[in-house]
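Going down the list, the protein sequences come from chains Y and S. Numbering follows numbering that gives the first Met the number 0, in which position 69 of the first sequence is assigned residue number 68; successive positions increment by one, without gaps. Numbering follows numbering that gives the first Met the number 0, in which position 2 of the second sequence is assigned residue number 1; successive positions increment by one, without gaps.
Quick caveat, the hints were computed from the structure, so don't treat them as lab data. Just so you know, these numbers come straight off a predicted model, no measurement behind them. In this text, a Cβ means the ideal position worked out from N, Cα and C, and glycines have one as well. Any given hint could turn out to be false.
The following label-pair restraints were derived from C-beta to C-beta distances [as the list claims (entries may be wrong)]:
#  : chain 1 : residue 1 : chain 2 : residue 2 : range
1  : Y       : E127      : S       : N199      : 46 to 56 Å
2  : Y       : V319      : S       : T34       : 16 to 26 Å
3  : Y       : G198      : S       : P47       : 46 to 56 Å
4  : Y       : N43       : S       : A278      : 36 to 46 Å
5  : Y       : T221      : S       : N327      : 26 to 36 Å
6  : Y       : W95       : S       : A278      : 33 to 43 Å
7  : S       : E173      : Y       : W95       : 24 to 34 Å
8  : S       : T34       : Y       : P142      : 27 to 37 Å
9  : S       : T34       : Y       : T49       : 45 to 55 Å
10 : Y       : E38       : S       : P47       : 37 to 47 Å
11 : S       : P240      : Y       : K314      : 41 to 51 Å
12 : Y       : M13       : S       : N327      : 28 to 38 Å
13 : S       : N327      : Y       : E127      : 30 to 40 Å
14 : S       : T206      : Y       : V319      : 25 to 35 Å
Number of protein chains: 2
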Amino acid sequence: MKLLILSVVATTTMMATTLIDDAKTAGLKAIPGNTKAIEKLTSNPNNPTTATKVELGKMLYFEPRLSKSGLISCNTCHNLAIGGTDGMSAAIGHKWTSNPHGLSSPTVYNAVFYNQQFWDGRSPHLEEQAQGPIQAGPEMAAPKDFVTGVVNSMPEYVKMFQKAYGKNVQITFEKVADTIAVFERTLVTPSRYDNFLNGNKKALSATEQKGLKTFIDKGCTTCHNDIALGGTMQPFGVVAPYKHMNVGDFKGDANGLVRVPTLRNITETAPYFHNGQIATLPEAIKEMGRIQLGITLTDEETASIESFLKALDGKKPVIVYPMLPTSNPSTPKVDVVNP
Amino acid sequence: MKLLILSVVATTTMMATTLIDDAKTAGLKAIPGNTKAIEKLTSNPNNPTTATKVELGKMLYFEPRLSKSGLISCNTCHNLAIGGTDGMSAAIGHKWTSNPHGLSSPTVYNAVFYNQQFWDGRSPHLEEQAQGPIQAGPEMAAPKDFVTGVVNSMPEYVKMFQKAYGKNVQITFEKVADTIAVFERTLVTPSRYDNFLNGNKKALSATEQKGLKTFIDKGCTTCHNDIALGGTMQPFGVVAPYKHMNVGDFKGDANGLVRVPTLRNITETAPYFHNGQIATLPEAIKEMGRIQLGITLTDEETASIESFLKALDGKKPVIVYPMLPTSNPSTPKVDVVNP
Numbered sequence: 000m001k002l003l004i005l006s007v008v009a010t011t012t013m014m015a016t017t018l019i020d021d022a023k024t025a026g027l028k029a030i031p032g033n034t035k036a037i038e039k040l041t042s043n044p045n046n047p048t049t050a051t052k053v054e055l056g057k058m059l060y061f062e063p064r065l066s067k068s069g070l071i072s073c074n075t076c077h078n079l080a081i082g083g084t085d086g087m088s089a090a091i092g093h094k095w096t097s098n099p100h101g102l103s104s105p106t107v108y109n110a111v112f113y114n115q116q117f118w119d120g121r122s123p124h125l126e127e128q129a130q131g132p133i134q135a136g137p138e139m140a141a142p143k144d145f146v147t148g149v150v151n152s153m154p155e156y157v158k159m160f161q162k163a164y165g166k167n168v169q170i171t172f173e174k175v176a177d178t179i180a181v182f183e184r185t186l187v188t189p190s191r192y193d194n195f196l197n198g199n200k201k202a203l204s205a206t207e208q209k210g211l212k213t214f215i216d217k218g219c220t221t222c223h224n225d226i227a228l229g230g231t232m233q234p235f236g237v238v239a240p241y242k243h244m245n246v247g248d249f250k251g252d253a254n255g256l257v258r259v260p261t262l263r264n265i266t267e268t269a270p271y272f273h274n275g276q277i278a279t280l281p282e283a284i285k286e287m288g289r290i291q292l293g294i295t296l297t298d299e300e301t302a303s304i305e306s307f308l309k310a311l312d313g314k315k316p317v318i319v320y321p322m323l324p325t326s327n328p329s330t331p332k333v334d335v336v337n338p
Numbered sequence: 000m001k002l003l004i005l006s007v008v009a010t011t012t013m014m015a016t017t018l019i020d021d022a023k024t025a026g027l028k029a030i031p032g033n034t035k036a037i038e039k040l041t042s043n044p045n046n047p048t049t050a051t052k053v054e055l056g057k058m059l060y061f062e063p064r065l066s067k068s069g070l071i072s073c074n075t076c077h078n079l080a081i082g083g084t085d086g087m088s089a090a091i092g093h094k095w096t097s098n099p100h101g102l103s104s105p106t107v108y109n110a111v112f113y114n115q116q117f118w119d120g121r122s123p124h125l126e127e128q129a130q131g132p133i134q135a136g137p138e139m140a141a142p143k144d145f146v147t148g149v150v151n152s153m154p155e156y157v158k159m160f161q162k163a164y165g166k167n168v169q170i171t172f173e174k175v176a177d178t179i180a181v182f183e184r185t186l187v188t189p190s191r192y193d194n195f196l197n198g199n200k201k202a203l204s205a206t207e208q209k210g211l212k213t214f215i216d217k218g219c220t221t222c223h224n225d226i227a228l229g230g231t232m233q234p235f236g237v238v239a240p241y242k243h244m245n246v247g248d249f250k251g252d253a254n255g256l257v258r259v260p261t262l263r264n265i266t267e268t269a270p271y272f273h274n275g276q277i278a279t280l281p282e283a284i285k286e287m288g289r290i291q292l293g294i295t296l297t298d299e300e301t302a303s304i305e306s307f308l309k310a311l312d313g314k315k316p317v318i319v320y321p322m323l324p325t326s327n328p329s330t331p332k333v334d335v336v337n338p
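Bound-form chain Y, shown alone:
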């Protein structure tokens, strides 16, 4: 009996070793197991991460006065309390405007690991991405000079920018976005899956390991790979068109490619797909099989993949809610009703 158990354990361990190898061969990569390595991996060499920049970036991320109304912050649509998104099929912004293309807000958690930002991948990194929604009419609707006017009007912000970038810093719109991006680069959520890939063979249960194997064997890793399990531009509807393609007018980039969303914390980021028309994970998994791989996934296979996906739920960074500087008469006035 003892021998049998030992033998089963040995077999399981061997299988786990093979699975880790298979996962790596399929292009999957772990978030590193230690903080220093994560910092190195996520820091922008052109704008290195420092504690001051992160703190300042966090303040700006939660700062509603960067929007023309004074009501909407980055966190409104990428709410760090609910998976870094808003739970909506299409984002709602300034003056309650729906996203004109019917697009949902992608999660900001682990977005640092994407090769491209936005659903059409039009932005190469978070620094540029952060400039978009602040200005976009249906989102925060704030002109660049409004944003710099707000930040420069409050001495506490000016001092923090000086501390972060040096006494002679010019607080430009781009600098504001850069700083938000530095904060976003810290929004990384290591999971049991990462522990597994990093060598802890017991970090995933047998069921979850089986799910990972199904995930690889069925071909999901063709698009969902690397650290983000997503983040590259890929054809969408390879074998058959997405059943809700007619909701919204989004057709991908100029070549019809769509930025693959991360699968990390996928349990928290429903509704799914670019237009948020899929409510549940099983439905999303089956639809992906149908339109991308040309296969019909059985209920059992779907459940197996789902059990793996749930193991991607990660540990969120602790975020102390920032206390923001006080507006003063020189702070540009918000315009709520008539922008």
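Given chain Y, put chain S in place with the hints provided.
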């Protein structure tokens, strides 16, 4: 020289002692100097404050899914990052609706010390107050059964309610509001002014002490008294009508009385007055003198009072941003565009 300095110090100390006595005679009261005493003072005997209730209440305070749209939380209009309010003259809520009476969002910080809640004082305590904006059409617009449906759909919430109130707890709408209120009762901000009233005679500068004396001598404490320096129902426009009374249709309660706002953290809660038509503190101070006391405050007197008011800026509690439970298919669907 030494004797002169000692004599000046002695005189200043004596003056401070007299001023503290005068302040107490005028009805001013400090936030107690120790945490235990604050907890005792702010806890509701019918629903005593516990750590679990505070944590749960914080989650619900930041919970956008309590609103019909899934976008608006208590924190949207009572933003703890910017003085517990929204910086707007009139609140904006569900579907970008302005407050129909042109009323601004009062700060939630130190609201526990009010005798009445809402501008017309229609609610006796935070437990009842919290029920209002969640349901109000222009605010969060959520029917009671929607709210209980949301909370009961997520096992993490159910478990926390059980931990907070016992295994057999019924998660009613009223219980949700009660729990939010428990969190709000912790939003207390002790200041240097409190240290001064509690006996630290050096906690306020000579200028600030002079400001406090002016504040008392001119009669401001007639309405701005007790711990909140506000929070009771008082006549508004005693001597002359408020110059912006025509903005919005608010006329106070049935007897024309208006709930006096707290002066704590007043630097952070502009624009001022119930309809947010006064942009700066000096203007607010002078208008109060004119319409409530029938006096014309000089620039010097106004600056003196302002210097005291600035000493009411308090120390905010540290708030770790909550990570909220995950929605699931049984969670009532949010309705953004067509409520």
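Take a look at whether the Cβ-Cβ distance between E38 of chain Y and P47 of chain S falls inside 37 to 47 Å.
43 Å, holds
Does the hinted range 25 to 35 Å hold for T206 of chain S and V319 of chain Y at CB?
Given about 33 Å between the Cβ atoms, the range holds.
Quick check on a hinted range of 28 to 38 Å for M13 of chain Y and N327 of chain S, using CB atoms only.
Holds, at about 37 Å.
Assuming the hint says 45 to 55 Å, is it satisfied by the Cβ distance from T34 of chain S to T49 of chain Y or not?
Since the Cβ atoms of T34 of chain S and T49 of chain Y sit about 34 Å apart, the hinted range of 45 to 55 Å is violated.
46 to 56 Å was suggested as the range; check whether the CB atoms of E127 of chain Y and N199 of chain S agree with it.
51 Å, holds
Please check whether N43 of chain Y and A278 of chain S have a Cβ separation lying inside 36 to 46 Å.
Holds: the Cβ-Cβ distance is about 39 Å, inside 36 to 46 Å.
Is the hinted range of 16 to 26 Å satisfied by the C-beta distance from V319 of chain Y to T34 of chain S?
19 Å, holds
Please test the hint of 33 to 43 Å on the beta carbon pair from W95 of chain Y and A278 of chain S.
26 Å, violated
Supplied distance hint 46 to 56 Å, evaluated on CB atoms of G198 of chain Y and P47 of chain S
Between G198 of chain Y and P47 of chain S, where Cβ atoms are some 48 Å apart, the hint holds.
Verdict for T34 of chain S, P142 of chain Y (Cβ pair) under range 27 to 37 Å
45 Å, violated
Given the range 30 to 40 Å, decide if the beta-carbon distance of N327 of chain S to E127 of chain Y lies inside it.
Holds, at about 35 Å.
For the pair E173 of chain S and W95 of chain Y, does the Cβ-Cβ distance stay inside 24 to 34 Å?
29 Å, holds
Against the hints set out earlier in the document, violations occur for numbers 6, 8, 9, 11.
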